[in-house]
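*Asks:* The lines below spell out each chain.
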Amino acid sequence: MTFQQARWDEPSVWDLAGSPTAEAPPAIPGIPERLRRKEAVRWPELSELEVVRHYTRLSQMNFGIDTAPYPLGSCTMKYNPKVTELLARRPGAAGVHPYQPEATVQGALEVFWRLERILARVTGLPEVSLQPAAGAHGEYAAMLMVRAYFRDQGELGQRTEVLLPDTAHGTNPASATMAGFTTREIRDKDGSVDLAELRRAVSNKTACFMLTNPNTAGLFESEILEIAETVHSAGAMLYYDGANLNAILGVTHPGRMGFDVAHLNLHKTFSTPHGGGGPGAGVLAAGEKLGPYLPVPRIVKEGRKFRLDYDRPKSIGKIKTAYGNFGLDLRAYAYILSYGEEGLKHVARRAVLNSNYVASRLGKYLPRPFRPLVKHEFVLSGAPLKERGVRTLDLAKRLLDEGVHAPTVYFPALVEESLMVELPETESKRELDGYVAAFERAITDTPEHLHAAPRSLAVSRVDEVRAAREPLLSWKDLRAASAKAETP
Amino acid sequence: MLDALGISSTDALFTDVPKRARIGRMGIGAGKEEPEVVAEVDRLLGRNRPLSQFASFLGGRISARYAPAAVDAIVSRSEFYTAYTPYQAEASQGMLRTLFEFQSLWVEMTGLDVANASLYDGATAAGEALLFCRRLHEGSRFLVPASLPWEERSVLENYASGPGLKVESVPYDDRTGRLDLDFVRAAVGQKDVFGLLADVPNGFGHIDEGVPELKSILGDVPLVVAADPLSLSVLEAPGNYGADVVVGEGQGFGIAPSFGGPLLGLFACRKEHVRSAPGRIVGATLDADGRRAYALTLVTREQHIRRSKATSNICTNESLMALAFVVYASTVGPRGLARLQSSLAEKARTLASGLGGIEGLKAPRFDAPYLGDFTLELGRGTAEEFLDRLRRRKVLGGHPLKDPRPGAPAEPERILVGVQETSTDKDIQKYVRAAQAAIAAVGRSA
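Chains as they are written, first to last, in the working numbering: chain Y, 6 to 493; chain U, 659 to 1104.
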């Protein structure tokens, strides 16, 4: 084990300077006394170097794709090409305000329009909006669209239920609930939708079935056409969660599979960086029934000019300020330009090849609960580790010591002690073999070492139970806790 | 790898996709080399006219404030920007500590106890606040100023629609733009109000002097304040006058306007309500060796654990923008922020008095304090025509305060004007001269 993360004994930003200033900010004419701030915001006065050094040191205590493989299942942590960063910082992109007159932002509108047209072809769904800030935001907007559609059909009072498989991402039931639906989970059969179970569950109360394909078990739902027929014959909508689109680019698409509406995550399939948690960029794509309900404004082309169109009487309105995460949309557009049709088809093939290759090799160490042919990701069960007193969590932490990121753990919940691994197309065979070797060293290590992991990172095993039991959520809490500790 | 799998082609890996579900070509063109991609994107971006080509006075929640170069230098550290959500705490202390510092800063600015690690933008933060209030209080009506920007109102209506809640306007005083407190009192008396949102500055850019009185009227009905972060460098922390939630749009702190995204949603609340709060929260704890460490916490509120019972569906947030926010504030410092706000207020007064002296214009439209934005009202012509005339003189004079959707109720011809950190005296004079000519021309054509 030769990896060692930086381990700076770095104070918090407020401990880098003396006591913050308590003086009152300058009075602004017209602001009444009771609205004036009496003391400046409690925050340190620092030199630029102090700030830069502090956050540079913090950055060195963080894993990113640029430092190591990052095989989080369902997160599609592919390389984020540098050229896209360069382009997003051009003054013509970063220095454009959303409320500028249309005549001065024709380029930005054209980028939106072109990207929408491309994504319409990628999804097979003709109407596209880039307004969602993230995938879950797109799901939520889609559920609002379904709701508005059934209201217009006079069926909202009756269609109150959204169905989802037990493999669904947690965002799906959460989004459906926020949109006012009740949710019901359909049990899987060997990791896929149990069609018989679905047939029993759908009814004239069903508004929508939300499905990820390939699903979070890494399996392609081969009965998708029958699923679509079942859902549609009950008069319900079929929703596509695009988190796993990477596996099927150019092979199939939501439109062909019979979906009515889809969300995509540009920060997964189309390589925009995930920023340590965000920003993302979501996409909504819809067929003819739900298309009229997409958020406004839509981007339209008239002759050679582009314009924001607000005249969509059925639209659900706005779901965020402005039009979408343009900075990310531009990166995704540049990514698609560079890959093109053949490149994107290759992306899916290579991602699926990587996944099957690593799955076949890791299958020697841990059981694979479902059929062997997987798509972009696969699931292992860490249950046998329990015989040695070891849990999946220990294995994940021990992997970090190898200088690689851990897989997604404890999801999907239908597999005991699950690990979900996704090593996208941008990882070379050498990296994949390196990951397998790291996995082998980790899993064959002693239980003592596994329990004690990690030892090579900025901190050792973090006590998350304590974090939740005794919440310390800000500097204010830390001050209160230390004042309490000092009181005899 | 094919050999290891005992297959001759990747076709064998897609036998689970039924033939009838296959597609042929997508039809998206051939790939390009990097120089061609750069040339193509630059060609498109060349059709934009960035703010730097104008004297810009676009105000509102999204700003083109200058960001010190240090901000982008840090945001460009790929350990930060190529990371995922910090699920593995030990490998992600850098981002976790950053988010903890960001949360701490928003707590200090707002006078509340707990902030989350960010939401999508100010409007969706307000939407989440609406649902949060409903978890704290019974009722079906959520009150908002009639002056709230239409986009935010529309977002709020969407958030309200799922659970069947109503967003209701509180009228404002025509002279001052202030909320009608008697209306609020009467509405609260009807017992069906579960929350009220007041924005500071309000949708007109002005400061409503009545906002600190709201909590005494609302009683146990939650008060949400939507605050501009820069304004909080000089204005009382809303937690000190009874706000239960403070949301805001954080884009102005180190984040480029980028045609409207990514933005940054800010959310803070009181500690006793933290288990009802939406979004990720970072907490301080210890590692196995007893050293300070950080982790995502109180996760039982969240979608990946609670699924349909979660407080919100949010998964991806705006962590990198939160980093920009805290680096910006730390670089500029609390005194620098207050000086900046003070200087914007002075420039705004100069511009408003210049515009207010022109026949046919009323500026500021409302008799209320302001910090950097204010409302200009036209005595004749339309806002669009007026702004178009300004644009031809390379002045972006603000944006119309109206809902552009057909069928929206008619509004007076009002423009939200905002001075910029980079606005010079010359820019301000240029606006005044251009406005003089524009309104005169509108008069002639009328």
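None of these hints come from the bench; they were simulated from the model. We put the beta carbon where it would ideally sit given N, CA and C, even for glycine. Any given hint might turn out to be false.
Quick list of in silico lysine-lysine cross-link-like pairs, BS3-like style, CA-CA up to 25 Å [unchecked claim]:
hint : chain 1 : residue 1 : chain 2 : residue 2
1    : U       : 1052      : Y       : 310
2    : Y       : 489       : U       : 929
3    : Y       : 319       : Y       : 294
4    : U       : 690       : Y       : 87
5    : U       : 929       : U       : 873
6    : Y       : 194       : U       : 849
7    : U       : 1084      : Y       : 310
8    : U       : 690       : Y       : 350
9    : U       : 824       : U       : 1084
10   : U       : 873       : Y       : 481
11   : U       : 1084      : U       : 1052
12   : Y       : 43        : U       : 1052
13   : U       : 1060      : Y       : 319
14   : U       : 967       : Y       : 210
15   : Y       : 481       : U       : 929
16   : Y       : 319       : U       : 1052
17   : U       : 849       : U       : 873
Quick look at which bits of chain U chain Y covers, simulated, 3 or more residues with Cβ under 8 Å [to be verified]:
hint : region
18   : 721-735
19   : 999-1008
*Asks:* If a hint holds in the structure, say so; if it does not, say that too.
*Replies:* Hint by hint, here is what the structure shows:
| no. | hint | verdict |
| --- | --- | --- |
| 1 | U:1052 <-> Y:310 | holds, 21 Å |
| 2 | Y:489 <-> U:929 | holds, 17 Å |
| 3 | Y:319 <-> Y:294 | holds, 11 Å |
| 4 | U:690 <-> Y:87 | holds, 15 Å |
| 5 | U:929 <-> U:873 | holds, 18 Å |
| 6 | Y:194 <-> U:849 | violated, 50 Å |
| 7 | U:1084 <-> Y:310 | violated, 33 Å |
| 8 | U:690 <-> Y:350 | holds, 15 Å |
| 9 | U:824 <-> U:1084 | violated, 47 Å |
| 10 | U:873 <-> Y:481 | holds, 24 Å |
| 11 | U:1084 <-> U:1052 | holds, 13 Å |
| 12 | Y:43 <-> U:1052 | violated, 40 Å |
| 13 | U:1060 <-> Y:319 | holds, 20 Å |
| 14 | U:967 <-> Y:210 | holds, 21 Å |
| 15 | Y:481 <-> U:929 | holds, 11 Å |
| 16 | Y:319 <-> U:1052 | violated, 37 Å |
| 17 | U:849 <-> U:873 | holds, 15 Å |
| 18 | 721-735 | holds (count 8) |
| 19 | 999-1008 | holds (count 4) |
Violated hints, listed in ascending order, are 6, 7, 9, 12, 16; each of the other numbered hints is respected by the structure.
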